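Protein sequences, first through last, are from chains W and Y. One point on numbering: in my numbering, the residue at position 250 of the first sequence is 250, and numbering is uninterrupted. One point on numbering: in my numbering, the residue at position 55 of the second sequence is 1055, and numbering is uninterrupted.
Computed cross-link-like contacts, BS3-like style, restricted to lysine-lysine with a CA-CA straight-line distance of at most 27 Å:
| id | chain 1 | residue 1 | chain 2 | residue 2 |
| --- | --- | --- | --- | --- |
| 1 | Y | Lys1070 | Y | Lys1013 |
| 2 | W | Lys18 | Y | Lys1116 |
| 3 | Y | Lys1270 | Y | Lys1174 |
| 4 | Y | Lys1013 | W | Lys205 |
| 5 | W | Lys18 | Y | Lys1115 |
| 6 | Y | Lys1219 | Y | Lys1019 |
| 7 | Y | Lys1014 | W | Lys205 |
| 8 | W | Lys160 | Y | Lys1134 |
| 9 | W | Lys173 | Y | Lys1134 |
| 10 | Y | Lys1056 | Y | Lys1019 |
| 11 | Y | Lys1219 | Y | Lys1248 |
| 12 | Y | Lys1078 | Y | Lys1115 |
| 13 | Y | Lys1078 | W | Lys160 |
| 14 | Y | Lys1219 | Y | Lys1056 |
| 15 | W | Lys67 | Y | Lys1134 |
| 16 | Y | Lys1119 | W | Lys160 |
| 17 | Y | Lys1134 | W | Lys18 |
| 18 | Y | Lys1134 | W | Lys63 |
| 19 | W | Lys23 | Y | Lys1134 |
| 20 | Y | Lys1115 | W | Lys23 |
A few chain W positions that, by computed beta-carbon distances, are all more than 12 Å from chain Y:
| id | residue |
| --- | --- |
| 21 | Ile25 |
| 22 | Leu32 |
| 23 | Lys63 |
| 24 | Phe75 |
| 25 | Leu76 |
| 26 | Thr94 |
| 27 | Glu110 |
| 28 | Ser119 |
| 29 | Lys144 |
| 30 | Lys173 |
| 31 | Leu249 |
| 32 | Ala258 |
| 33 | Glu260 |
Here are some chain W residues pointing at chain Y (derived, C-beta under 10 Å):
| id | residue |
| --- | --- |
| 34 | Pro134 |
| 35 | Met209 |
| 36 | Glu214 |
| 37 | Tyr218 |
| 38 | Lys221 |
| 39 | Pro223 |
FYI, nobody ran anything at the bench for these hints, they're computed from the structure. Remember, it's a predicted structure, so these values are computed and weren't measured experimentally. A virtual CB, placed ideally from N, CA and C, is assigned to each residue, including glycine.
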Amino acid sequence: MHLDHTFESYTVSNKLVKIRAGKKIFLSIFTLFIAVYTLSHFILLLILFTMSSLTIWSGVRIKDYLKLLMIPLTFLLPSISVLAFLHGSEPMLTFSILEMHLSMMREGLELCTLLMMRSMAGISCLFFLIMTTPISEILDTMRKFRIPEIVIELSFLVYKLIFVLIDELESTKIAQDARLGYLRGNRIRSLSLLISSMLVRSFEKAENMERALEARCYAGKMPSLKFGRENESENKVHVFSLSLILMILFDACLLVLAVEGGD
Amino acid sequence: MVEVQDLWFSYDKKRWVLKGIDMELRRGEKTVLVGSNGSGKTTLFLHLNGLLVPDKGTIKVSGNFLSYTKKALTEVRKRVGIVFQNPDDQIVAPIVFQDVALGPVNLGLSEGEVKKRVKRALNELNIEELRDRKVHELSEGEKKKVAIAGVLAMEPELLVLDEPMSGLDPQSSKDLLTIIDSLCEQNDNMAVLVATHDVELAYEWADRVMVMRDGEIVKSGKPYDVLGDEEVIKSSRLAMPRVLRIYKGIEMAACGNPGVPPRNIEELLKVMRGNYWNARRRMGL
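Here chain W stands alone, though its shape is the one from the complex:
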């Protein structure tokens, strides 16, 4: 699976790519704030549903979307489930392992559910942004908001190097598989070799990239997609504002619900 490639192609070839990055950033960040603010399960589910269906509608395959969703989930599940045992005072279930008593609390469980929903809603907002907007557009918008150049450049390089790392990981893994590196018994040794060689090779790759960038006078500027557009038609501009109205309406509704309902 070429995660990096599917990913980068989504950002440049989805149905929403023509909409200005600023609007998409506005939508996802504002919705994210609502998700952080609200306590209502209904709103969180609404956000999760709308944002992920919007992302999938824009052209992301469901399978790939779920695969990407698994990445934060692997971190979230263990860390959040711990809370159920730590928070609150009313035990629901008690386990005893080796003279240790662990009890799951009712309040803790409620907190868990809320946190889980909130993080999923937040993740769906950010996924919407990163899967419909090319990185160069996001960086351009960051520049417009006067975010320091060094931060922008760093985020670009980090973004780029993640893909370099994934590429290296894949080719090294294939090379090991081809020589039966993952038969039973070899696994741990192969994995450690993989990790150590990844470190060395990613340094090499990074150095090559740095040289190539330097050779082309790279000074922290990434060309934006606007160099590709010959001229924007009036019609599209109209659609843009319609999309903006829709976004504002959506967020306004959510906000009203969150403030009014506030359970």
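Put chain Y on the given structure of chain W with help from the hints.
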């Protein structure tokens, strides 16, 4: 255009990678640097636009000694464009035109100028149809062309290509050669320097050939003189171009009448046919 004098360099300060390189690249000339793997070709190239700093020796670009201040380096990198061996290292943007625009945008050119340059660079390489394609969908040959376009968009005076034919199928490498040829014709003040271990290519195509061995340039001159020198070729772990070897063989057999040495198979066949008819005539047939 570029003059290198007595250049010494070592990565680890123990083993010299470059040992006193002297070379001169002239405008309008296609120079090919041949050398086996690890002879220091790439290291030498990295010096030409100040990516590496020599331990000893000087580099002159357009008559000025290379200085390593940021401003001077930008100026030099504008003049000397390097196309690296692996296009994946070089291409950073996800879309073709974005990557080609990288150099010009970072030079701070206006939007109109950037667009113009991108258009021209893509046009010069005949890849206008790739303009809006995603880089990772391209074939190796197409990626190579995009990498070259990215360098050309900076309008360099010296175009340096590191192993441009590696990983290309015969047709793509032929196309690439034709493109480089037409580039040289269009901009007559551009110099081209190509590193390769493909002696056939060097022999057929170069105006001047330099042979590099263990960090030294052992011989430089016309393709026939350099690549026909058996001693130099052998000691540099290279092979004599086939056309040249066959020609040398029949040259001895035909006793005399050397004429102009052939540079490719077609010319060699012509020589062989001529020899055949001469021999028939001599034998009174």
